[in-house]
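**Student:** Sequence:
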Amino acid sequence: MTSTTVTPDAESVGFSLPGVIAAKLRGRELFGHPIGLYILFLTEMWERFSYYGMRALLIMYMTKYLLVDPARAQLVFGFSGLEHLLSAIFGKLSVQAIGSQIYGLYTAFVYFTPFFGGMLADKVWGQHKSVFVGGILMAIGHFLMASERFFLLALLFLILGCGCFKPNISTQVGNLYPEGDNRRDGAFTIFYMGINLGAVFSPLVCGTFGQMVGWDYGFGAAGIGMLLGVIIYWLGSGLVPRGQMMADGSVAKPVKSREEVNKEPLTKQDWRQIWALVILCLFNVAFWAIYEQQGNTLQLWAADRTNWHLLGFNIPSSWYQSFNPAYIIIFAPFLDIFWNWQSKRGKEPSTVIKMGIGCLLCGLAYLIMIAAARIVSPGERGSVMWLATTTWVFTMGELYLSPTGLSLVTKVAPKRLVNTMMGVWFFSYFLGDWFAGDIGMLYNVITKEHFFAFLTTIGVATGFIFFLLKRPLSRSIGTEI
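Going by the numbering used here, the first residue of the sequence shown is number 1, and it counts up by one from there.
It is possible that part of the hints are untrue.
Said to hold, decoys possible - Derived DEER-like restraints, expressed as beta-carbon distance ranges:
#	residue 1	residue 2	range
1	269	80	25 to 35 Å
2	415	70	31 to 41 Å
3	457	385	16 to 26 Å
4	181	24	42 to 52 Å
5	468	444	34 to 44 Å
6	271	313	43 to 53 Å
7	279	340	40 to 50 Å
8	80	444	21 to 31 Å
9	65	444	45 to 55 Å
Stated by the list, open to error - Straight-line C-alpha distance at most 16 Å; calculated EDC-like pairs for lysine to aspartate or glutamate:
#	residue 1	residue 2
10	92	336
11	411	270
12	411	181
13	64	181
14	64	216
15	415	216
16	64	449
17	470	348
18	448	336
19	448	348
20	347	336
Derived by calculation from the structure, the hints in this document are not laboratory data.
Since we're looking at a predicted model, the values are computed, not measured.
Ideal Cβ placement from N, Cα and C applies to all residues, glycine included.
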């Protein structure tokens with residue numbers, strides 16, 4: 001560890017345990033980054049453990065247990081009203097179609113509420129309190145999942161909690177570094193690895209408990225993970241930024257109050273930056289619509305058409321959800337090295353081009369599933385390598401798009417609106433995941449070949465749109481993006 005000069009934040013210093021920890025570690029670095037980055041890393045790791053552990057079970061829980069028996073489904077508080085609404089919009093739906101809609105709506109609204117959570121942090125609570133409230137709400141939601149009756153209420157708690165948590169912990173990563181600090185992209189890559197470290201282990205733990213012991217045990221394990229994240233964030237609360245980062249790396253109180261800053265009018269440059277991000281977020285929707293099939297239709301392929309008998313063991317199909325985050329942990333450092341190698345030669349793609357490459361790769365990945373649909377006949381079980389290879393390709397696409405997009409928001413958004421614009425970024429996830437549920441309804445309606453070909457077309461077309469947007473957006477805001 002090496003030390004740096006950091007001014008203490010008076011709010012976080014005291015005689016409490018977090019204050020003692022802050023006094024010992026504030027100003028130190030680990031692997032060239034402030035200790036606060038690793039507090040945020042671990043907090044997000046456990047939050048993602050809880051989220052992906054629950055998500056690994058969700059579509060199977062609905063389509064193979066909760067909704068299969070109409071009498072059981074009607075016991076769920078609010079389900080009859082939701083079923084009636086969906087039937088009025090789409091007509092009579094199969095169990096798989098209803099499950100796909102609920103899955104899509106849940107994952108969509110998880111990324112809808114961060115827009116309001118960002119505004120709440122900007123105008124009322126601040127980032128720190130918002131993260132605490134969000135973590136506690138999500139823990140309650142996971143534990144409510146243990147009761148079939150409270151299934152939809154549990155999803156509501158998870159949605160509201162994520163809204164408070166998600167945008168505010170991400171912007172704290174950016175706030176650890178002064179403007180122009182070239183460590184910021186690397187910090188988001190490290191942070192993104194934390195996200196995926198939790199996502200690797202959660203299906204192995206929550207998925208195994210859920211499929212082999214009982215659904216409520218799997219959901220309960222996710223709740224315990226969320227509580228651990230809240231505790232870690234509390235213990236390290238003196239090491240994460242609460243004020244504005246100074247050029248020397250210190251944390252200082254804003255000269256103007258939040259109310260005074262909010263009354264100042266936005267400049268033309270502010271509006272250019274806002275619209276540039278809004279346009280990018282709009283096309284970001286397509287990426288998440290096809291990417292999120294891994295928790296929906298690809299999980300059904302894993303459960304119904306994949307052979308999981310490996311080395312003499314029958315492995316739970318929910319372990320498929322560990323593939324994507326495991327690939328991220330393995331390949332993210334190599335991709336960072338590759339980008340640094342390109343940068344030294346002046347050939348590193350801009351952020352927008354990286355996002356285009358990400359969409360292109362995600363679309364091309366489904367070419368592999370087209371081949372799988374032709375070779376693996378209905379009723380048969382094919383090799384796990386079909387899913388493993390497909391997931392690897394669109395994971396590389398995700399690495400090109402997602403962490404670089406998070407970093408772009410913290411660099412381009414007007415500083416006083418960075419939390420709100422991070423919410424806008426997550427709003428694109430909301431639309432994408434909502435469309436993912438709609439697209440997933442086609443899984444048992446059209447042939448599997450046509451279904452995966454449709455996903456390919458969306459990804460490839462959107463990738464080329466990103467390539468076309470790069471120059472006009474950079475010219476508009478006066479900065480290469």
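**Student:** Each hint needs a verdict: does it hold in this structure or not?
**Tutor:** Hint check results:
Between residue 269 and residue 80, the C-beta spacing of about 52 Å breaks the proposed range 25 to 35 Å. Roughly 53 Å separates the CB atoms of residue 415 and residue 70, a value that falls outside the hinted 31 to 41 Å. Separation of residue 457 from residue 385 is about 24 Å and conforms to the stated range, judged on CB atoms against 16 to 26 Å. Taking 42 to 52 Å as the suggested C-beta distance range, the pair residue 181 and residue 24 does not conform, at roughly 24 Å.
At about 35 Å, the CB distance of residue 468 to residue 444 agrees with the hint of 34 to 44 Å. Residue 271 and residue 313 have their C-beta atoms about 58 Å apart, which leaves the hinted 43 to 53 Å range violated. A hinted range of 40 to 50 Å is violated for the C-beta pair residue 279 and residue 340, which are about 28 Å apart. Take residue 80 and residue 444: their Cβ atoms lie about 23 Å apart, and the range 21 to 31 Å holds.
Between residue 65 and residue 444 the beta carbons are some 18 Å apart, a value that contradicts the proposed interval 45 to 55 Å. Between residue 92 and residue 336 the CA atoms are separated by roughly 48 Å; this puts the pair beyond 16 Å, and the hint is violated. For the proposed pair residue 411 and residue 270, the alpha carbon gap of about 12 Å is at most 16 Å, so the pair holds. Restraint check for residue 411 and residue 181: satisfied, since their Cα atoms lie roughly 11 Å apart, inside the 16 Å limit.
Proximity of residue 64 to residue 181 is assessed by CA-CA distance (about 50 Å); at most 16 Å being required, the pair is judged violated. Using a Cα cut-off of 16 Å, the hinted pair residue 64 and residue 216 holds, with the two alpha carbons roughly 15 Å apart. Between residue 415 and residue 216 the CA atoms are separated by roughly 43 Å; this puts the pair beyond 16 Å, and the hint is violated. A threshold of 16 Å between alpha carbons decides the hint, and for residue 64 with residue 449 the separation of about 24 Å lies outside it, so the pair is violated.
Note on residue 470 and residue 348: the hinted pairing holds, with a Cα-Cα distance of about 14 Å set against a maximum of 16 Å. For the proposed pair residue 448 and residue 336, the alpha carbon gap of about 35 Å is over 16 Å, so the pair is violated. Note on residue 448 and residue 348: the hinted pairing is violated, with a Cα-Cα distance of about 37 Å set against a maximum of 16 Å. Proposed proximity of residue 347 and residue 336 is supported: the alpha carbons are some 14 Å apart, at most 16 Å.
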